[in-house]
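Heads up: the protein sequence lines correspond to chains P and H, in order. Quick note: numbering that gives the first Met the number 0 has the first sequence finishing at residue 245, numbered continuously throughout. Quick note: numbering that gives the first Met the number 0 has the second sequence finishing at residue 224, numbered continuously throughout.
It is worth saying that the hints were derived from the structure and are not from the lab. Any given hint could turn out to be false.
[Claimed, not checked] Straight-line C-alpha distance at most 27 angstroms; calculated BS3-like pairs for lysine-lysine: (1) H:Lys27 with P:Lys28; (2) P:Lys118 with H:Lys196; (3) P:Lys28 with P:Lys118; (4) H:Lys160 with P:Lys69; (5) P:Lys69 with P:Lys14; (6) P:Lys154 with P:Lys207; (7) P:Lys118 with P:Lys74; (8) H:Lys27 with H:Lys114; (9) P:Lys49 with P:Lys74; (10) H:Lys196 with H:Lys160; (11) P:Lys11 with P:Lys74; (12) P:Lys28 with P:Lys207; (13) P:Lys11 with P:Lys35; (14) P:Lys49 with P:Lys118; (15) P:Lys35 with H:Lys27; (16) H:Lys160 with H:Lys95; (17) P:Lys118 with P:Lys88; (18) H:Lys114 with P:Lys35; (19) H:Lys2 with P:Lys118; (20) P:Lys88 with P:Lys69; (21) P:Lys11 with P:Lys154; (22) H:Lys174 with H:Lys196; (23) H:Lys114 with H:Lys163; (24) P:Lys207 with P:Lys14; (25) P:Lys154 with H:Lys114; (26) H:Lys174 with H:Lys2; (27) P:Lys35 with H:Lys95; (28) P:Lys154 with H:Lys2; (29) H:Lys160 with H:Lys129; (30) H:Lys174 with P:Lys69.
[Unchecked claim] Just some of the chain H residues that point at chain P, by a computed CB distance under 8 angstroms: (31) Gly18; (32) Ile96; (33) Phe98; (34) Ser100; (35) Val118; (36) Met122.
We treat Cβ as the ideally placed atom computed from N, Cα and C, and that holds for glycine.
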Amino acid sequence: MKEGKEEIELIKEGKRLDGRGFEELRPIKIEVGVLKRADGSCYFELGDNKVIAAVYGPREMHPRHAQDAKMAVVKFRYNMAPFSVDDRKRPGPDRRSVEISKVSREALDPVIMREFYPKTAIEVYVEILQSDAGTRTAGINAASVALADAGIPMKDLVSSVAVGKIDGEVVLDLDAMEDNHGEADMPIAMVARTNTITALQMDGRLTKEEFERGLKLAMSACHQIYELQRTALIDRYSESVEVGGE
Amino acid sequence: MYKVVVPGDFISETVSRAGEGTYVEDGKVYALRYGIVDERGEIKVVALSGKYVPTEGDVLIGRVAEISFPFWIVDIASPYEARLHMSEFADARGEKIEFGSMNRYLDLDDLIVAKVMNVDVMMRIELALKEDFNLRSGGRLIEIPYTKVPRVIGRSGSMIKMLKDKCNCFIFIAKNGRIWVRGREDDMNLATEAILKIASESHTSGLTDRVADFLDSFRREKRRG
């Protein structure tokens, strides 16, 4: 949140700048198994965000000394491509990417059955190809699907979305304009089935009441996103069934 | 039609029948993997993808990756590597193998058929050689995901029997997804194509008949041309 920024009306006549209602998600597109060489993969679009997640493993863990004798180690790398933003982002990890990588890994950890593959590494790579705020949520959504695609044993899928406050209103799924000029941004990740939150961050200021309202809104949106993730995974095999057999 | 499930999908309340690929929580059985539900006996979720992890008794095809006296380190298409002790070889031939001469018996990249004798808590995998047939010449290796192996074998071996008959090849399918095919060049090509087709369509029904038709039409084409 920047202080002293130019005044911008983010809400005009009860609608947001892109025409969405306060509780409306941006359009989502999910494709499973897009990378031939990865063990699991997912291409995910959230509005103008385009992200791709790749999962490798379980495979041998290097460096050896970092191996866990009892379970797999989950590695997560969130990275923004230099061309994903308006002003070229210099390649390589920066403090923000390192933080997002850590938060994302912790969002997925609770559901992964790491005990099944001791001494190995499960590597998740999320590349942001085009960014319009909410990339970390798109990344977690894509990573969940990619992990399932790779056959990693998991208790559940994890779904993620952000809520925030713009012009005093609590809204769902901020885009870049809203995130840059708004008053709060709160990404969350959760397991839809159990309503268990696995990641929660906040930037800005919310009253207790706004926080609770925003959380409720985000959780309900996560259920919607979960249905889309699930459908994408199920349809991938159903489609082939129609083409190939009776 | 097969039912596809994703991790976390509710399957059943019959906790007593919960099997592989599932987990139990609060008296309910849920899916642990992305796969197909099989409720015929135990409630299982057959994974559509994943990595092979060996269990004792598995017969697999390995490739020598390293020689580290007194073991050959063998790649078994798994996140874990396996070891073959040199005594396995010495026993069979009654000779004593010297340091530095192990490669005369098995060299890097050699293929072997082996049985998994032991998997310990530290995931150390011990193999024993099975010398039923020669993997050195006149054949080729095909690799498919280990999850598709049951489909290539078929119910009571129906699929693999049909492949062997119609392709006129020796075919050996190992637990870890590696398949050895031996025969005439064009027969092996046909078998390879059929096997890869089965692997990619393994989740569909009526596959055995479709593969049979595919192989028959190939033969018909050949006779015409």
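Hint by hint, here is what the structure shows:
1. Among the hinted pairs, Lys27 (chain H) with Lys28 (chain P) is inconsistent with the structure: their alpha-carbon atoms are about 32 angstroms apart, more than 27 angstroms.
2. Using a Cα cut-off of 27 angstroms, the hinted pair Lys118 (chain P) and Lys196 (chain H) is violated, with the two alpha carbons roughly 34 angstroms apart.
3. Between Lys28 (chain P) and Lys118 (chain P), the direct Cα distance comes to roughly 35 angstroms. Violation of the 27 angstroms bound is thereby established for this hinted pair.
4. Pair hint Lys160 (chain H) plus Lys69 (chain P) does not hold up; C-alpha atoms about 41 angstroms apart against a cutoff of 27 angstroms.
5. Taking the CA atoms of Lys69 (chain P) and Lys14 (chain P), the gap is about 52 angstroms. The hint is violated against a cut of 27 angstroms.
6. About 32 angstroms separates the Cα atoms of Lys154 (chain P) and Lys207 (chain P), which puts this hinted pair outside 27 angstroms; it is violated.
7. Distance hint between Lys118 (chain P) and Lys74 (chain P) is fulfilled; the C-alpha atoms sit about 13 angstroms from each other, no more than 27 angstroms.
8. Taking the CA atoms of Lys27 (chain H) and Lys114 (chain H), the gap is near 37 angstroms; set against the 27 angstroms cutoff, the hint is violated.
9. Proximity of Lys49 (chain P) to Lys74 (chain P) is assessed by CA-CA distance (about 21 angstroms); at most 27 angstroms being required, the pair is judged to hold.
10. Proposed proximity of Lys196 (chain H) and Lys160 (chain H) is supported: the alpha carbons are some 16 angstroms apart, at most 27 angstroms.
11. Our distance criterion of 27 angstroms between C-alpha atoms is broken by Lys11 (chain P) and Lys74 (chain P), whose separation comes to about 43 angstroms.
12. This hinted pair does not check out: Lys28 (chain P) and Lys207 (chain P) have alpha carbons roughly 33 angstroms apart, beyond 27 angstroms.
13. Taken as a hint, the Lys11 (chain P) and Lys35 (chain P) pair is broken in the structure, with Cα atoms around 45 angstroms apart against an allowance of 27 angstroms.
14. Taken as a hint, the Lys49 (chain P) and Lys118 (chain P) pair is broken in the structure, with Cα atoms around 33 angstroms apart against an allowance of 27 angstroms.
15. Using a Cα cut-off of 27 angstroms, the hinted pair Lys35 (chain P) and Lys27 (chain H) is violated, with the two alpha carbons roughly 35 angstroms apart.
16. This hinted pair does not check out: Lys160 (chain H) and Lys95 (chain H) have alpha carbons roughly 41 angstroms apart, beyond 27 angstroms.
17. The hinted pair formed by Lys118 (chain P) and Lys88 (chain P) fails the criterion: a straight-line CA distance of about 35 angstroms is larger than 27 angstroms.
18. Restraint check for Lys114 (chain H) and Lys35 (chain P): not satisfied, since their Cα atoms lie roughly 31 angstroms apart, outside the 27 angstroms limit.
19. For the proposed pair Lys2 (chain H) and Lys118 (chain P), the alpha carbon gap of about 33 angstroms is over 27 angstroms, so the pair is violated.
20. At most 27 angstroms may separate the alpha-carbon atoms for a hinted pair to count; Lys88 (chain P) and Lys69 (chain P) exceed this at roughly 39 angstroms.
21. For the hint linking Lys11 (chain P) to Lys154 (chain P), the alpha-carbon distance of about 43 angstroms lies beyond 27 angstroms, and the restraint is violated.
22. Under the criterion of a C-alpha separation no larger than 27 angstroms, the hint pairing Lys174 (chain H) with Lys196 (chain H) is consistent with the structure, at around 18 angstroms.
23. The hinted pair formed by Lys114 (chain H) and Lys163 (chain H) meets the criterion: a straight-line CA distance of about 23 angstroms does not exceed 27 angstroms.
24. Taken as a hint, the Lys207 (chain P) and Lys14 (chain P) pair is honoured in the structure, with Cα atoms around 24 angstroms apart against an allowance of 27 angstroms.
25. Straight-line distance between C-alpha atoms of Lys154 (chain P) and Lys114 (chain H) comes to about 32 angstroms, which puts the hinted pair past the 27 angstroms bound.
26. Between the alpha carbons of Lys174 (chain H) and Lys2 (chain H) the distance comes to roughly 24 angstroms, so the proposed pair stays at or under 27 angstroms and holds.
27. Under the criterion of a C-alpha separation no larger than 27 angstroms, the hint pairing Lys35 (chain P) with Lys95 (chain H) is inconsistent with the structure, at around 46 angstroms.
28. Annotation: proposed proximity of Lys154 (chain P) to Lys2 (chain H) holds, straight-line Cα distance about 18 angstroms (limit 27 angstroms).
29. Taken as a hint, the Lys160 (chain H) and Lys129 (chain H) pair is honoured in the structure, with Cα atoms around 22 angstroms apart against an allowance of 27 angstroms.
30. Restraint check: the Cα-Cα separation between Lys174 (chain H) and Lys69 (chain P) comes to about 24 angstroms, which is no more than 27 angstroms; the hinted pair holds.
31. Because the beta carbon of Gly18 (chain H) sits about 14 angstroms from the nearest beta carbon in chain P, more than 8 angstroms, this interface hint is broken.
32. The criterion of a C-beta within 8 angstroms of any C-beta in chain P is not met by Ile96 (chain H), whose closest approach is roughly 28 angstroms, and the hint is violated.
33. Below 8 angstroms, beta-carbon pairs count as interface contacts, and Phe98 (chain H) has none with chain P, the closest being about 25 angstroms; its hint is therefore violated.
34. Hint status for Ser100 (chain H): violated, given a least beta-carbon distance of 28 angstroms to chain P, over 8 angstroms.
35. Interface restraint check: Val118 (chain H) against chain P, minimum CB-CB distance 11 angstroms, threshold 8 angstroms, status violated.
36. Contact between Met122 (chain H) and chain P, as hinted, is supported at the beta carbon level, the nearest pair being about 6 angstroms apart and thus within 8 angstroms.
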